[in-house]
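Colleague: So you can see what is in the structure, the chains are spelled out below.
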Amino acid sequence: MMNLLEACLPVAQARPNNAMVVATMGAMFALDQIDAKAGQRLPGRISSVPLMGGAAGLGLGLALAHPGRPVIVVDGDASLLMELGGMASVVAAQPAQFLHIVIANGTQFSGLANLSTLEPHFSFEGFARAAGYAPTQTISDAGEWQRSFPGLLQLRGPVLVQLQVEPVPARTVDGFALSEIPDLQFQRMGQEVAAMREWLKVAV
Amino acid sequence: MSSSPVQQFSVPASAAVAAMQRNRVDHVVTVPDWVQLALHQRLEAGVPGVRLVNCSSENQVVTVGAGLVIGGKRPLLVMQNQGLYNCINTLRAVCLDAKVPLVFMVGQFGREFDNLGQPSTASRRTMVRIMEPLLQSIGVPFLCLDGEQDLPLMDEAFAMAEQQSGAVVLLVSAPMAWA
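Those protein sequences? They're chains R and C, same order as listed.
Just so we're on the same page, my numbering is the position in the first sequence counted from 1, plus 456.
Just so we're on the same page, my numbering is the position in the second sequence counted from 1, plus 455.
Next up, chain C with everything else stripped away, as it sits in the complex:
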């Protein structure tokens, strides 16, 4: 049976968890994301060594994540594109000005399935289309997770965040798989 177009671009939640554990992630700080629902369910069920910290806004996700990093922990911040837009000023203060290294995993909510494999800047939806140009304009590096094969980019993201003392965003292109 051939896989659907979405499946080709879908990161299995179990593989995302394995990448987190490989990267010694000890906290996931989040406002939940539709694109990463499969991951959220795994985290809610419990992942050894990873504490789930739910927040009521993405601004808090960034500040709580910053407090954890200052305290010597290794959080991953999980949210959707709308959430990232919501917390740009906090990201500015914490990552660009105060130089706290943070890795964000951001779902491209609203991305049309026929846009997968194409530039997200060609999306019909503003929410999707403006993400990469916005990140470029504020000098925040991003890496795209277009399938399981891209998960080593999480390792790169943590290394870059530390090296550059700032934010790095992993953009999750397609809904994660319950696998």
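If we strip away everything but chain R, and leave its shape as in the complex, we get:
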């Protein structure tokens, strides 16, 4: 089974230059980490943070505004469970280039306390297929995911890929203390929205 960084690597490094990315919190941190290691951050990424369940809707709005650009939504399983009906909204609007990735690790507060999601074995792929996404796929091998990514982006969507990802190990033990959440976490969505608007204006 792949880890979180392997799940996010193709999105960080192999996406087309004109792609727009929306990520939930776990993916956001992983993408940040990959970008920092590579010493560069591609433009066109916003985070649905702190806002669980918002990623697919943001991505759909971007896709409707710019049908000529690919949209990649990197969702989390716990987040998507909060707005499962959003998959029906995506299908109803039929965005042409819409790749919806679900990081399925069966946990929430992953890498911190690793609480179980409501249904750790929920089939997002099955739900997406029933909603009308086509094609849909479940991938657990990092190599297969890396090889499949460019081709999946070429398909007329909406496309859903459920990635089976091992949870980031929990850090909480007796004596563990939570640190304060930095201001940036409440400000970055606004900063990224402003940057995305500027980027789209420049690059359109």
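Hint data in this document are derived by calculation from the structure and do not stem from the laboratory.
A hint or two may mislead.
Think about it this way: if two alpha-carbon atoms lie no more than 20 Å apart in a straight line, the pair counts; the simulated EDC-like pairs of lysine to aspartate or glutamate are [what the hints assert, rightly or not]:
1. K554/C - E654/R
2. K528/C - D639/R
3. K657/R - E617/C
4. K528/C - D481/C
5. K528/C - D610/C
6. K554/C - D639/R
Chain R is fixed; fit chain C onto it per the hints.
Modeller: Just chain C now, kept in the frame of chain R:
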């Protein structure tokens, strides 16, 4: 023939569409609202230049609307009061924290006809009565559409939303007219 009390406060759907077009609205993102049924029917029949985007929850209405605005479009978000209550956290994230300008048109579902022309805070129904105080408490400006004469407030709402980089709510008081 004298008009009914409701008719005095009713916005004709055709006039609402004209106000949308004057404001260059290109998408209506919605979970349908009983109060604005006449408008929904017009939109479903097709309005040139306006794409109707139906969502399955009001949270999605807000996020889809935000994506459209970020992408340079000019959506109007249409829902009812219950729907606005449903999506307060999304409104908080998108409009209050991320400062995305969005205009909401919200029907006051459940408003008693004898409350029309009176303060909505005097309504017997919680759903209606708490709306204005709630919006005040979270710092979201609102404007009341108490009839066709108030439709220029839509222009004001779009200007305010842009200027203040946030949400502005148009409260629709009475059922819209099929006209």
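Colleague: Run through the hints listed earlier and report the numbers of any the structure violates, in increasing order.
Modeller: 2
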